[in-house]
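J.: Quick mapping for you: the protein sequence lines, in order, are chains A and B.
Number 730 marks the last residue of the first sequence (this note's numbering); no jumps.
Number 839 marks the last residue of the second sequence (this note's numbering); no jumps.
Simulated from the structure, these hints should not be mistaken for lab results.
Quick caveat: nothing in here was measured; it's all calculated off a predicted structure.
One should not assume that every hint holds.
[Unchecked claim] To give an idea of the interface, some chain A residues facing chain B are shown, with a C-beta separation under 7 Å as derived from the structure:
1. Gly-213
2. Asp-220
3. Leu-223
4. Met-674
5. Glu-678
[Stated by the list, open to error] Residues from chain A that keep clear of chain B, each with C-beta distances beyond 12 Å, as calculated:
6. Ser-339
7. Lys-676
8. Phe-710
Where a beta carbon is used, it is the ideal one built from N, C-alpha and C, also for glycine.
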Amino acid sequence: MNHMPRLNRRAFVIGSAALGSGLALGLDLPFGGPTVVRAADGSPEIGAWVVIRPDDTVVIRIARSEMGQGSLTGLAQLVAEELECDWSKVTTEYPTPGQSVARKRAWGDFSTGGSRGIRASTDYVRKGGATARVMLIEAAANDWKVPASECTAANSVITHTPSGKKTTFGKVAEAAAKLTPPADVKLKDPKDWKLIGKPLKRLDTSDKTTGKMMYGIDVKLPGMLNAAIKQCPVFGGKVKSYDEAKIAGMKGVKKVVKVGDEAVAVVADTWWHAKTALDALPIVWDEGKNGNVSSASIAKWLEEGLDPSQPAFVGNENGDAKAALAGAAKKVEAVYSYPYQNHATMEPLNATALYTADKCEVWCGTQNGEAAFAATVEVSGLPSEKCDVYKYMLGGGFGRKGNTDYVRQAVAIAKQMPGTPIKLLWSREEDMQHGAYHPVTQCKLTAGFDANNNLTALHMRISGQSILASLRPEAMVNGKDPVTFQGLNATGEAAFGYSIPNLLIDHSMRNPHVPPGFWRGVNVNHNAIYVECFMDELALSVGQDPLEFRRKLMTKTPKHLAVLNAVAEKIGWDKPAPQGVSRGLAHFMGFGSYVAAAAEISVIDGTKIKVHRIVAATDPIYAVNPSQIERQVAGSFVYGLSGLFYGGCTVKDGRIEQANFDTYNSMRISEMPKVESIIMPSGGGGAWGGVGEPTICVAAPAVLNAYFAATGKRIRSVPLRDQNITFA
Amino acid sequence: MNQGIAMANLTINGKSINVDVEPETPLLWAIRENVGLTGTKYGCGIAQCGACTVHVDGVAMRSCGVTVGEAAGKQITTIEGLAPNGVLTKVQQAWINNDVPQCGYCQSGMIMAVTALLKEKPKPTDQDIDDAITNICRCGTFQQVREAIHAAANA
Chain A
3 MNHMPRLNRR
13 AFVIGSAALG
23 SGLALGLDLP
33 FGGPTVVRAA
43 DGSPEIGAWV
53 VIRPDDTVVI
63 RIARSEMGQG
73 SLTGLAQLVA
83 EELECDWSKV
93 TTEYPTPGQS
103 VARKRAWGDF
113 STGGSRGIRA
123 STDYVRKGGA
133 TARVMLIEAA
143 ANDWKVPASE
153 CTAANSVITH
163 TPSGKKTTFG
173 KVAEAAAKLT
183 PPADVKLKDP
193 KDWKLIGKPL
203 KRLDTSDKTT
213 GKMMYGIDVK
223 LPGMLNAAIK
233 QCPVFGGKVK
243 SYDEAKIAGM
253 KGVKKVVKVG
263 DEAVAVVADT
273 WWHAKTALDA
283 LPIVWDEGKN
293 GNVSSASIAK
303 WLEEGLDPSQ
313 PAFVGNENGD
323 AKAALAGAAK
333 KVEAVYSYPY
343 QNHATMEPLN
353 ATALYTADKC
363 EVWCGTQNGE
373 AAFAATVEVS
383 GLPSEKCDVY
393 KYMLGGGFGR
403 KGNTDYVRQA
413 VAIAKQMPGT
423 PIKLLWSREE
433 DMQHGAYHPV
443 TQCKLTAGFD
453 ANNNLTALHM
463 RISGQSILAS
473 LRPEAMVNGK
483 DPVTFQGLNA
493 TGEAAFGYSI
503 PNLLIDHSMR
513 NPHVPPGFWR
523 GVNVNHNAIY
533 VECFMDELAL
543 SVGQDPLEFR
553 RKLMTKTPKH
563 LAVLNAVAEK
573 IGWDKPAPQG
583 VSRGLAHFMG
593 FGSYVAAAAE
603 ISVIDGTKIK
613 VHRIVAATDP
623 IYAVNPSQIE
633 RQVAGSFVYG
643 LSGLFYGGCT
653 VKDGRIEQAN
663 FDTYNSMRIS
673 EMPKVESIIM
683 PSGGGGAWGG
693 VGEPTICVAA
703 PAVLNAYFAA
713 TGKRIRSVPL
723 RDQNITFA
Chain B
685 MNQGIAMANL
695 TINGKSINVD
705 VEPETPLLWA
715 IRENVGLTGT
725 KYGCGIAQCG
735 ACTVHVDGVA
745 MRSCGVTVGE
755 AAGKQITTIE
765 GLAPNGVLTK
775 VQQAWINNDV
785 PQCGYCQSGM
795 IMAVTALLKE
805 KPKPTDQDID
815 DAITNICRCG
825 TFQQVREAIH
835 AAANA
């Protein structure tokens with residue numbers, strides 16, 4: 003599949019000129035009507051989402067970014083389902099954010115985070131497919147001079163049923179493109195789906211096995227130079243001075259530039275030369291006021307926030323938890339914590355920018371094309387119609403590449419060298435030490451039981467960092483970060499699964515200077531550990547089975563209960579585990595999906611864990627591609643368990659200590675458990691759930707609960723390497 | 685040719701190529717920047733992740749940890765050299781059949797490491813795989829990688 007932008011010199015010229023003219027054609031014109039909007043190769047658009055080539059190739063436009071999660075294939079399935087095209091003829095392409103903005107956001111939101119890639123697009127991309135199908139059928143009917151109602155489409159072939167006449171999409175595409183799109187289209191009933199729900203192969207695999215797939219790091223442009231960058235190691239600090247003369251004679255060096263207040267970049271013929279020179283460049287930093295901050299000082303500050311008398315934002319409350327706790331027959335209390343984590347995408351951050359007096363273009367992998375575009379417009383200072391961003395396959399995203407820091411830097415450097423394309427690449431060390439980290443939090447949980455061992459009250463006090471306060475302050479609600487309560491809310495797409503008569507979940511917000519970000523799973527990673535490990539503690543404190551204890555609290559949340567029951571049944575919870583094997587359970591809800599996991603582990607000498615097997619259940623309401631969902635579930639466990647065992651970024655002298663995979667390790671194949679996925683979409687017309695992130699959070703508590711079952715030792719902090727526990 | 689001040693000769697995918705780089709340059713960067721073969725990926729630069737794995741005289745090596753000077757005179761194969769005529773190897777084909785890659789960034793290195801393993805052990809056990817394949821994949825494709833290795837071994 004040749005669906006990603008290919009950059010050779012010719013493509014570059016097309017990118018600059020022909021795409022631009024296609025863009026101009028689209029301006030101020032409604033789709034369809036007398037003027038045909040054409041793709042770069044001249045083929046007609048049948049609405050914004052579909053281009054049909056004369057050879058019957060179907061090009062489906064994908065606005066969201068592919069970073070491995072499979073959205074590109076899933077979104078194409080949604081369009082193709084309604085289009086009734088031949089799946090073997092489907093290819094895809096990315097419209098650019100600039101084109102979209104010029105066409106009044108014809109392709110909607112480009113943002114690819116929050117497991118929204120598919121679920122937030124389902125209606126309009128399916129309508130895009132259906133609209134094109136109606137237009138293609140109408141064009142054929144007009145040609146045959148028969149009523150469109152007598153024609154049907156299947157597999158890219160249109161048939162006039164009474165006469166048996168047939169034609170193909172490719173043959174009528176030109177005529178269809180001239181028609182006025184229908185005002186409204188009816189979407190199929192899910193029971194009639196032929197492509198949605200099928201485990202189709204990905205569309206983007208072939209080039210990933212031959213080295214041909216182009217990532218941002220692979221961009222080559224005529225005359226391009228390469229930049230390496232160093233930012234002040236203490237977040238918030240600035241460049242004080244640097245001694246350019248010291249590296250002036252080094253091979254390949256073209257220029258040394260300041261990037262904003264906080265960074266210096268060396269531009270050279272190759273990146274290796276740029277990096278070598280940058281490492282030799284003496285830089286004096288003004289570290290600002292955070293040079294004394296450490297993990298210990300952050301932990302102390304967060305610990306103070308656990309005191310119930312400290313002010314806190316309330317996220318979920320019913321009854322009177324504090325009063326009920328005061329009158330409880332028995333109380334159980336525990337404090338948990340979760341550290342900073344780096345995304346550590348395999349492809350370090352990079353972006354290529356070309357700035358001239360009247361144009362600024364960026365080539366990069368980004369999870370948010372429109373945000374990258376807006377950053378390009380802002381930093382270049384040029385009007386939006388003179389800017390654009392060309393998206394590439396991302397070598398991992400996990401939330402990090404929705405930020406635009408690296409795009410801004412590339413443009414800022416290119417602006418200092420007009421006419422020369424500049425590829426900025428962060429070293430792994432830079433990437434590791436200038437992340438947008440999984441936020442740091444602690445949690446004190448206090449539970450009360452009555453004399454009959456019924457759980458009557460729970461106070462869950464979270465103390466720690468808000469992501470929104472740093473990244474999206476406009477989304478705060480009266481100072482509160484609602485995303486903090488992911489999986490803990492009373493209702494909605496990330497609702498708490500337990501009914502407890504007196505409940506208080508609140509957040510004492512404390513924002514250290516380390517920048518937080520959306521790390522795959524976001525706030526469910528720690529919230530699920532806090533809730534699900536503590537539920538195990540509570541069950542055991544009253545001598546009850548962890549599953550039975552949970553079930554009693556879940557009678558009002560049947561979908562939460564259904565996934566938990568599914569994993570319990572499949573792992574055989576009601577039967578003894580194999581000799582030497584211990585089990586743990588967890589469930590949670592996030593991103594609109596209900597998830598649960600049951601783990602089987604062995605522990606050797608108390609310090610080595612072999613995770614044999616994890617059974618995982620997901621109810622994403624609708625499942626677009628079960629094969630890809632299975633891969634997301636297993637992949638999320640690798641990411642989440644890497645964080646649990648090996649992760650944790652620590653702060654010393656205001657900076658992150660870990661610099662590479664030797665100190666911030668990641669799971670290997672020998673450590674991979676067998677993951678058995680149960681995909682159980684409950685359907686019913688409700689909002690669709692996501693799949694990239696929800697399951698990540700249940701792996702860690704399931705394993706930690708199994709560890710307790712094996713050892714009697716409760717682990718309440720992450721990572722395990724700090725406790726000298728590792729994979730067997 | 686440029687100034688010719690630091691010319692090295694590399695044999696990559698069967699072709700002899702003169703590159704204008706210092707001998708201490710990591711082979712990875714000579715392959716990517718001087719030769720222009722970008723299928724070999726940069727992941728860590730310290731031989732931890734394996735994204736830059738190539739074959740040097742048939743042995744899987746992390747090219748970020750090998751210098752141009754050390755690689756000169758040896759047969760270097762990159763991901764682009766596995767299927768020079770467009771006929772995919774059984775490993776590549778197994779990768780496609782098993783829908784292995786997610787983001788795909790680590791997969792060039794993964795495929796190179798697996799290709800070397802199968803050359804040494806045509807029917808590897810799970811333990812052989814665990815011992816030999818130590819590449820990092822942050823997407824977490826390991827389950828499919830293992831299936832595809834067995835599939836390739838039995839193809």
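J.: Please go over all the hints and tell whether each is borne out by the structure.
T.: Hints and how they fare:
1. The interface hint given for A:Gly-213 holds, since its Cβ lies 2 Å from the closest Cβ of chain B, which is under the 7 Å cut-off.
2. Hint status for A:Asp-220: holds, given a least beta-carbon distance of 4 Å to chain B, under 7 Å.
3. Given hint, A:Leu-223 at the interface with chain B, is violated; its Cβ is 13 Å from that chain's nearest Cβ, farther than 7 Å.
4. At a threshold of 7 Å, the smallest CB-CB gap from A:Met-674 to chain B is about 4 Å, leaving the interface hint in force.
5. Here the hint on A:Glu-678 is broken, as its CB sits about 10 Å from the closest CB of chain B, past 7 Å.
6. The beta carbon of A:Ser-339 sits about 24 Å from the closest Cβ of chain B, which is more than 12 Å, so the claim that it is off the interface holds.
7. Some Cβ of chain B comes within 12 Å of the Cβ of A:Lys-676; the nearest lies about 7 Å off, and the non-interface call is violated.
8. No Cβ of chain B approaches the Cβ of A:Phe-710 within 12 Å, the least distance being about 25 Å, so the stated non-interface status holds.
The structure is inconsistent with the numbered hints 3, 5, 7, although it conforms to all the rest.
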